[in-house]
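From first to last, the protein sequence lines stand for chains C and V. The numbering used here puts the first sequence at residues 1 to 411. The numbering used here puts the second sequence at residues 412 to 822.
Since the hints were made in silico from the structure, they are not lab data. Do not take every clue at face value.
As the list claims (entries may be wrong) - Within a straight-line C-alpha distance of at most 20 Å, the following computed EDC-like cross-link-like pairs (lysine to aspartate or glutamate) qualify:
| id | chain 1 | residue 1 | chain 2 | residue 2 |
| --- | --- | --- | --- | --- |
| 1 | C | 377 | V | 557 |
| 2 | C | 200 | V | 588 |
| 3 | V | 797 | C | 48 |
| 4 | C | 377 | V | 460 |
| 5 | V | 611 | C | 49 |
| 6 | V | 611 | C | 48 |
| 7 | C | 338 | V | 728 |
| 8 | C | 290 | V | 531 |
| 9 | C | 287 | V | 531 |
| 10 | C | 386 | V | 558 |
| 11 | V | 701 | C | 120 |
| 12 | V | 562 | C | 199 |
| 13 | V | 611 | C | 33 |
| 14 | V | 556 | C | 193 |
| 15 | V | 513 | C | 265 |
| 16 | V | 639 | C | 33 |
| 17 | C | 102 | V | 676 |
| 18 | C | 229 | V | 444 |
| 19 | C | 200 | V | 460 |
| 20 | C | 386 | V | 459 |
| 21 | V | 749 | C | 368 |
| 22 | C | 145 | V | 604 |
As the list claims (entries may be wrong) - Partial pick of chain C residues on the chain V-facing surface, computed with a CB cut under 8 Å:
| id | residue |
| --- | --- |
| 23 | 105 |
| 24 | 147 |
| 25 | 148 |
| 26 | 163 |
| 27 | 167 |
| 28 | 198 |
| 29 | 199 |
| 30 | 204 |
| 31 | 208 |
| 32 | 211 |
| 33 | 213 |
| 34 | 307 |
| 35 | 313 |
| 36 | 341 |
| 37 | 384 |
| 38 | 410 |
Predicted model, so just to flag it, every value in this text is computed and none were measured. C-beta: ideal position from N, C-alpha, C; glycine also.
There are 2 protein chains.
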Amino acid sequence: MFDKNYLLPSDALNLILKAIQDNTLSTERLRIEDRYGRITASDIVSSEDLPGFSRSTVDGYALNSADTFGAKENSPAYITVKKEIFMGSIPDFELKKGEAAKIPTGGMLPQGADAVLMLENAQIVSDDMIEVMKSVAPNENVIHKDEDIKKGETVLKKGHRLRAQDIGALAGIGITEIEVYKKPVIAIISTGDEIVPPDKSVNPGQVRDINSFTLSGLISEHGGIPVKKGIFSDDYEIIKDVIQRSLDGSDMVLISGGTSAGTKDMTSMIINDIGKPGVLFHGVSLKPGKPLIGGVIDGRPVLGLPGHPAAVVVCFDLFIKPIMDKLSGLDSKMIFVKTVRAKMAKNIASAAGREDHIRVYIDERKGEMLAVPILGKSGLITTLVKADGIVVIPHDKLGLDAGEEVAVNFF
Amino acid sequence: MFDKNYLLPSDALNLILKAIQDNTLSTERLRIEDRYGRITASDIVSSEDLPGFSRSTVDGYALNSADTFGAKENSPAYITVKKEIFMGSIPDFELKKGEAAKIPTGGMLPQGADAVLMLENAQIVSDDMIEVMKSVAPNENVIHKDEDIKKGETVLKKGHRLRAQDIGALAGIGITEIEVYKKPVIAIISTGDEIVPPDKSVNPGQVRDINSFTLSGLISEHGGIPVKKGIFSDDYEIIKDVIQRSLDGSDMVLISGGTSAGTKDMTSMIINDIGKPGVLFHGVSLKPGKPLIGGVIDGRPVLGLPGHPAAVVVCFDLFIKPIMDKLSGLDSKMIFVKTVRAKMAKNIASAAGREDHIRVYIDERKGEMLAVPILGKSGLITTLVKADGIVVIPHDKLGLDAGEEVAVNFF
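Bound-form chain C, shown alone (with noise of 0.2 Å):
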């Protein structure tokens, strides 16, 4: 049954994101505010040094660090207290020798001061007169002027996902806006005579559109926009007409539902005949997914996806999601899968040669996760919802053992 013939997933993909290297990528220049998870376009370089001045860390007294050297609770140091800083000033004058200035975490050094001595580690002897109880090294507590960040720094490079900590990075050197990739989109067409809308009522043999609901969270969740082009009947003209619109203002094209053999050489047509270079492959030696078809026309990756809920779900994560990389301008050097670690339940057979993608659940029993395989059918959504993510036997691996440690790849 199982194709020697097909590709390894891996080696599909990589048919795909080499007929798509040379995409030009758009872009967009937009405030940085809720550019939560965008992709940057361009290196960006302080033009600022960050802080743009010496400051504390702790409240405390600024101070010459030379003049606590040898200070200890039983042989203190006497310094004398000048002034205090006071937040967002600058410190008017300047500390000679035995000189302390009060300073709040956050507030600037003044001349002459190369440390801070912590509160807690000073004892108020008179209005302008402290013991030091502990010495402080040179540079102690003190954050310095372009320490965090210097002019001409290179902050982010192009292609980074934006995370919270880089757009808190962006505003504190006063970049309010930044050219990023648009969003990649999507378009989704779903076929097949038998599928109808989630609003309208099903008669016996008919089916309601389940994967376009699917493949549009996970699209949005990944930072493309998914655009459903709706339900088309499994015909050569209709379906080449809806691509072809389809192909007209966006980056991909996924047709879900349309592969198995009633229907596959058809859509496996329609691509080769809208254009080049058409389908760079049919089947993958992967379960469940095997009837993808993958295609390139015109620099745009058209996708047929099998019609399976979970072929969908695992399609997405292997080709989908890679691709969509790629066409938001990530540089996908250094992208780690999130995983769960967890213990195999049972133990679960592979065919050799083949990727397995086997649903499962968590469940905890003293203390010790055990991953637990769903065994329905993949054309059952239901094994999706009560599964909390997806364990991969490679194709070198016969199957995993109970008790085997394995990594959960969580939705």
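Starting from the known structure of chain C, arrange chain V on it as the hints suggest.
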């Protein structure tokens, strides 16, 4: 330096969660499109079977499995092909003994059929006759009526965070609107006489507002609505006034800055002066994040956050996120932290009794993932920009050894 009387982070958090456990949460009724990440406010029960009829999972021949028993390649069974079943339509005939009907993937089984023979296991003999090369078991290649979801079955429980496949399942059973909890509204107050907005130029002694941008991103990403109230002076009346105004219309109030010795007593005093129960803890056994203030006023959590950017991110993970989950209606019985496994690149020490959160970046050397600690001060935003995630040293460990396997909580 380290106060043994401080609470562990988890104990401090529980004080807040306990004080808000009886909060009533608001709900809203919304279309399922783009409801990804929202939390269900009631159990969702199906009013129909999915599928509504028995359907084939392959392209092949619907038949009675008993007719194929014992069939092999060298001794096939012969079966009469009566009709063809089309997608989306009801077969208007019944199969008798020895009869089959051609059926596409997803097609409806006719009366009299209990299994489907795959196309590749049939040999066409004539227009209306096939050889069956392989026996099929009852129910083989069939999804039964109601096998996915039964009428009256609870598909999703109350308090469930909706994932893409959950939305797909709802579409599948014709549910297009659901009741979800409203997103929690989180007010962010920036305090400090030295803080200026990012679009203003800074004088020496001043720094731009970083934390409210970081917090907004983290809150949005985690399903909340951040509302920036602005930057306010460290003055009792001013801060009291803005906290009171913020409590009106939000579910939680965050005060960024104002927790170090200079102002911490004031923030605590204000929280206690506004309402009950007031401050629940002041300071936690945590690094970075020690000066955190946690309070509740009339059922609304009010947190005084440390000013250091790294402390803000750690306090978000340990406090704000679980409080948001509670305010969002999430059933938190099963919340898993997604991590990346790595080995520590160097030794790192920690004080006993304190939970240490170490920023790390991931480096791949010879195929091995290494977690490299970033040793800069927690006041530096770039330590977070350079970091991929955080490694936790629990309060009962004195550090981590180079080569020790750790779980990296990715940002």
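Straight-line alpha-carbon gap residue 513/V to residue 265/C, limit 20 Å: At roughly 18 Å apart (the allowed maximum being 20 Å), residue 265/C and residue 513/V satisfy the hint.
Residue 639/V and residue 33/C were given as a pair; does the straight-line alpha-carbon distance stay at or below 20 Å? With a Cα-Cα distance of about 11 Å, the restraint between residue 639/V and residue 33/C holds, given a limit of 20 Å.
Any CB of chain V closer than 8 Å to the CB of residue 211/C? Holds - the Cβ of residue 211/C comes within 8 Å of chain V, reaching about 7 Å at its closest.
Chain V contact restraint for residue 384/C - C-beta distance below 8 Å: holds, 4 Å
Does residue 204/C pass the interface hint, meaning its C-beta sits closer than 8 Å to a C-beta of chain V? Residue 204/C check passes; min Cβ-Cβ to chain V is 4 Å, inside 8 Å.
Mind checking the CB of residue 163/C against every CB in chain V and telling me if the closest is under 8 Å? holds, 5 Å
For the hint on residue 105/C, does the least C-beta distance to chain V fall short of 8 Å? holds, 4 Å
Interface hint status, residue 341/C versus chain V (Cβ within 8 Å): With a minimum Cβ separation of about 7 Å from chain V (threshold 8 Å), the hint on residue 341/C holds.
20 Å limit on alpha-carbon distance, applied to hinted pair residue 386/C and residue 459/V: Holds, because 19 Å separates the two Cα atoms, which is no more than 20 Å.
Is the straight-line distance between the alpha-carbon of residue 229/C and that of residue 444/V 20 Å or less? holds, 14 Å
Holds or violated: residue 200/C and residue 460/V, Cα atoms, limit 20 Å. Distance of about 15 Å is within 20 Å: holds.
Need the status of pair residue 611/V, residue 48/C: alpha-carbon distance at most 20 Å? Holds: residue 611/V and residue 48/C sit about 13 Å apart, inside 20 Å.
Going through the hint list in order, the structure satisfies each hint without exception.
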